[in-house]
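Enquirer: Following the hints, complete the assembly by docking chain B onto the known chain A.
There are 2 protein chains.
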Amino acid sequence: MTQQDDSFLADWAVHSRFGAVEGTNGVERQAASEADGQQRKWFARLLESHGFTVQRDAIGNQFGLLELVPGAPYVLTGSHMDSQPTAGRFDGAYGVMASAHACFRVADELRACGERPRFNLAVVNWFNEEGSRFKPSMMGSSVFTGKMPLTDALATRDPHGVSVRDALDAIDERGGYEGPEVASYAEIHVQQGRSMEQEGVTIGLVNATWGAHKFEFRITGEQAHSGSTLMEDRQDALLGAARLIVAARELVDEFEPGILHTACGEINVYPNSPVVVASEVQLLFDLRSPSSEALDAAYARVMETVERVRREDRVGIEVVAEHSWGQNPYPEDGVELAREVAEELGLTHDRVMTVAGHDSTNMKDRAPTVMLFVPSVDGVSHNLKEFTRDEDLLAGVDHLTGVVRRLAQGALVD
Amino acid sequence: MTQQDDSFLADWAVHSRFGAVEGTNGVERQAASEADGQQRKWFARLLESHGFTVQRDAIGNQFGLLELVPGAPYVLTGSHMDSQPTAGRFDGAYGVMASAHACFRVADELRACGERPRFNLAVVNWFNEEGSRFKPSMMGSSVFTGKMPLTDALATRDPHGVSVRDALDAIDERGGYEGPEVASYAEIHVQQGRSMEQEGVTIGLVNATWGAHKFEFRITGEQAHSGSTLMEDRQDALLGAARLIVAARELVDEFEPGILHTACGEINVYPNSPVVVASEVQLLFDLRSPSSEALDAAYARVMETVERVRREDRVGIEVVAEHSWGQNPYPEDGVELAREVAEELGLTHDRVMTVAGHDSTNMKDRAPTVMLFVPSVDGVSHNLKEFTRDEDLLAGVDHLTGVVRRLAQGALVD
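Going down the list, the protein sequences come from chains A and B. Position 5 of the first sequence, counted from 1, bears residue number 5 in my numbering, the numbering being contiguous throughout. Position 375 of the second sequence, counted from 1, bears residue number 375 in my numbering, the numbering being contiguous throughout.
Just chain A, with the same shape it has in the complex:
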């Protein structure tokens, strides 16, 4: 292992201690939590020790800036350090740490050879990519790219009623920086699936995001005594929600294997008392597919189920919010650049789609973008047991360094 590898693994080891869940290798570091705040302070010091200037914008995105060419735009590279509850230590955090080290290496090279790049270097730690504490996910990059109004984001509240504004202020991470002018963007992430591991691929060249259709349902019934009320008199919102959850799973079997993913991860029930029939349930319900046709067909089947549950269980079902997108390609020149770097380094590589969204999903609509994956053992994700081998972590840093080096020289621009 090189000294650079040692340096990455040393910082990585320290990094994983923030929000560590005792007795596991995982972390709990939800957005703007105390652990997130402590880690950001540590990360700022790390960036500063390598000559970077640290700034925070109004939604708490943390930038490490190295101005090598006064006034020039920046190559931006990063991901997010916030996590889901009881999650793995790689998701997001690996991308931020790999980005920092890629920039450190390119900066060191430039200093060593006295070369002047075309663009400056910036590392970013996006605020609240996970969306577990504050919805929606990808909040920091959505505000940065103008897809979400700042005021809406700051006013969002967590389940305890704490606003993003107050949570960021509590960890002193709300700043006044307007953000760098971005020439190009690169992000690396652990794959949240197991295809690369199975096929022996070290570098995933992400060429598209699956399509998705996401619903927030509000199911309404009538509060009633859950013992004494006649069954035929009940309008049970939790039963209605349970029918939708089961239908989501059963829908998958109507499609070719692997073509449709469905999920209900969050449910909130009122009054949620052991002897009261629920009068209101909020249910989050997702469809995902690489195929627009499959997504449309699944959507139609969901609406049939909604109609049937409304009728048979006499509950109200309202779509409070929904958003959908088709299969969403990453720019082909970015994929090609990543392929060339992998070839140059002798790393196995393949084109791969991402099912999950990433901050790069926002950034690719604003700037030339490269999105990369490294393998994850068994594809375990959003779980304390998430794991990627050191050799893959290091290969990813090497690869991202190659990408950042070329981007700094002007690749993908003009």
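Hints are not guaranteed to be accurate.
Said to hold, decoys possible - Cβ-Cβ distance ranges computed for the label pairs, FRET-style:
1) D233/B with D296/A: 20 to 28 Å
2) D390/A with R310/B: 36 to 44 Å
3) T24/A with R45/B: 54 to 62 Å
4) Q282/A with A170/B: 27 to 35 Å
5) D152/B with S292/A: 56 to 64 Å
6) P329/A with R310/B: 54 to 62 Å
7) A321/B with L345/A: 54 to 62 Å
8) G146/B with K385/A: 44 to 52 Å
Claimed, not checked - Counterexamples of contact, computed for chain A against chain B with all Cβ distances above 10 Å:
9) Q3
10) D5
11) R45
12) G71
13) P85
14) L230
15) V269
16) P274
17) R314
18) P331
19) E332
20) G346
21) D350
No lab work stands behind these hints, which were simulated from the structure alone. Each residue gets a CB set at the ideal place from its N, CA and C atoms; glycine is no exception.
Expert: Chain B in isolation, oriented as in the chain A frame:
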């Protein structure tokens, strides 16, 4: 209307203001909440203004005592003033207010004629009958009757981590009184069903409680990314819970109409994040029936479903707690006493079973007990729209007064 009726309705109107939910006729007055505390203070003053002494025991049961015969045991009558979230104003509270006024009337009669009864009079407002904030329900009467240890009850915490001990102290309702020696017990409640209304019955002579089998299930899966994880790799605890909720409802249709009630009113999901497959769900699941055979058959079917869901959805399902009871009769001499009083007053009456539990379910195992119902419009219960007509409320107070009068003279004892 008599002056006594006016007096009851006047106090009843004031009473319903504590915890009133704006824009509705209902209340929210969960156990040891601020509204519960304020109402208890008001109720204490009302009792004192009628010459009663107010005491609280160590679990916050509130007693109003009128000692007419020094050292003699007490006729105890009451119910509970706590409510479910956004509930009706009649459930429990009617029983406490009717009991107070029945005692006021009997006391006035005794004072007027200078007669000395056999027993003293006591009104009780049992702590936490509902069990919505602190589990289990019927906590105050369970501790009073020795069915639940005091220390366990005081250590019970609400979903925000507040203990019963601290919640009672916050409203200054934890006392040192040991409770009266009980000669006999009477309780009146609105029916939480619609049979009496349909059949034109004013006084329900409660002769039994339905049998029940209640489960707390813990369903366990594996946290995973709810978008990217392959469907076949998932172990989704929320899906497992939804299968049980649906199965509970479908089970009802395997039995004769009306013979089985099932319900899942409360579910708690971890991590309950939109993009994470749930790893743990707590689900409360009830079966109720007037028939022990039906209950046994339903239990067996539930266990088959549990086995199937375990196998097919690859989740763990554990019964964390369960309790069950068969059809549970009220003492026949109490039913007969109530029938005689109804005849005497010319009130329509019929024997009726209760599906819901009441504090009298505990008390009847300790003392001669009478349990009464008045009708409820459409049987609406645990709902802001719960309603009982004034004429039925007043008939119930008249009837309970007759019962208390006889109990004070020694009925049902020896």
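Enquirer: Does each hint fit the structure? Answer for all of them.
Expert: Results for each hint:
1. The hint said 20 to 28 Å for the Cβ distance between D233/B and D296/A, and at roughly 26 Å that hint holds.
2. The supplied range of 36 to 44 Å is met by D390/A and R310/B, whose beta-carbon atoms lie about 37 Å from each other.
3. The hinted range of 54 to 62 Å is satisfied by T24/A and R45/B, whose Cβ atoms lie roughly 56 Å apart.
4. At roughly 30 Å, the beta carbons of Q282/A and A170/B sit within the given window of 27 to 35 Å.
5. Distance hint check: the CB atoms of D152/B and S292/A are about 57 Å apart, consistent with the given range 56 to 64 Å.
6. About 42 Å separates the C-beta atoms of P329/A and R310/B, a value inconsistent with the hinted range of 54 to 62 Å.
7. Take A321/B and L345/A: their Cβ atoms lie about 58 Å apart, and the range 54 to 62 Å holds.
8. In this structure the supplied range 44 to 52 Å holds for G146/B paired with K385/A, their Cβ-Cβ distance being about 47 Å.
9. For Q3/A, the shortest C-beta to C-beta distance to chain B comes to about 35 Å, beyond the 10 Å cut-off, and the non-interface label holds.
10. D5/A, annotated as away from the interface, keeps every beta carbon of chain B farther than 10 Å; the closest lies near 28 Å.
11. For R45/A, the non-interface assignment is confirmed: its Cβ lies about 30 Å from the closest Cβ of chain B, beyond the 10 Å cut-off.
12. With a closest Cβ-Cβ approach of about 40 Å to chain B, G71/A is found to remain outside the 10 Å limit, as its non-interface label requires.
13. A Cβ of chain B approaches the Cβ of P85/A within 10 Å, the least distance being about 4 Å, so the stated non-interface status is violated.
14. At the 10 Å boundary, the C-beta of L230/A falls inside the reach of chain B, the nearest C-beta of that chain being 7 Å off.
15. A beta-carbon of chain B comes within 10 Å of the beta-carbon of V269/A; the shortest separation is about 6 Å.
16. In this structure P274/A is not separated from chain B by more than 10 Å, as the shortest Cβ-Cβ distance comes to only about 4 Å.
17. Non-interface status of R314/A relative to chain B is upheld: no Cβ of that chain comes within 10 Å, the nearest being about 12 Å off.
18. With a cut of 10 Å on Cβ distances, P331/A stays outside the contact zone with chain B, its closest approach being about 22 Å.
19. With a cut of 10 Å on Cβ distances, E332/A stays outside the contact zone with chain B, its closest approach being about 23 Å.
20. No Cβ of chain B comes within 10 Å of the Cβ of G346/A; the nearest lies about 28 Å off, and the non-interface call holds.
21. Distance check on D350/A: its Cβ is at least 16 Å (rounded) from any Cβ of chain B, clearing the 10 Å threshold; non-interface status holds.
The structure is inconsistent with the numbered hints 6, 13, 14, 15, 16, although it conforms to all the rest.
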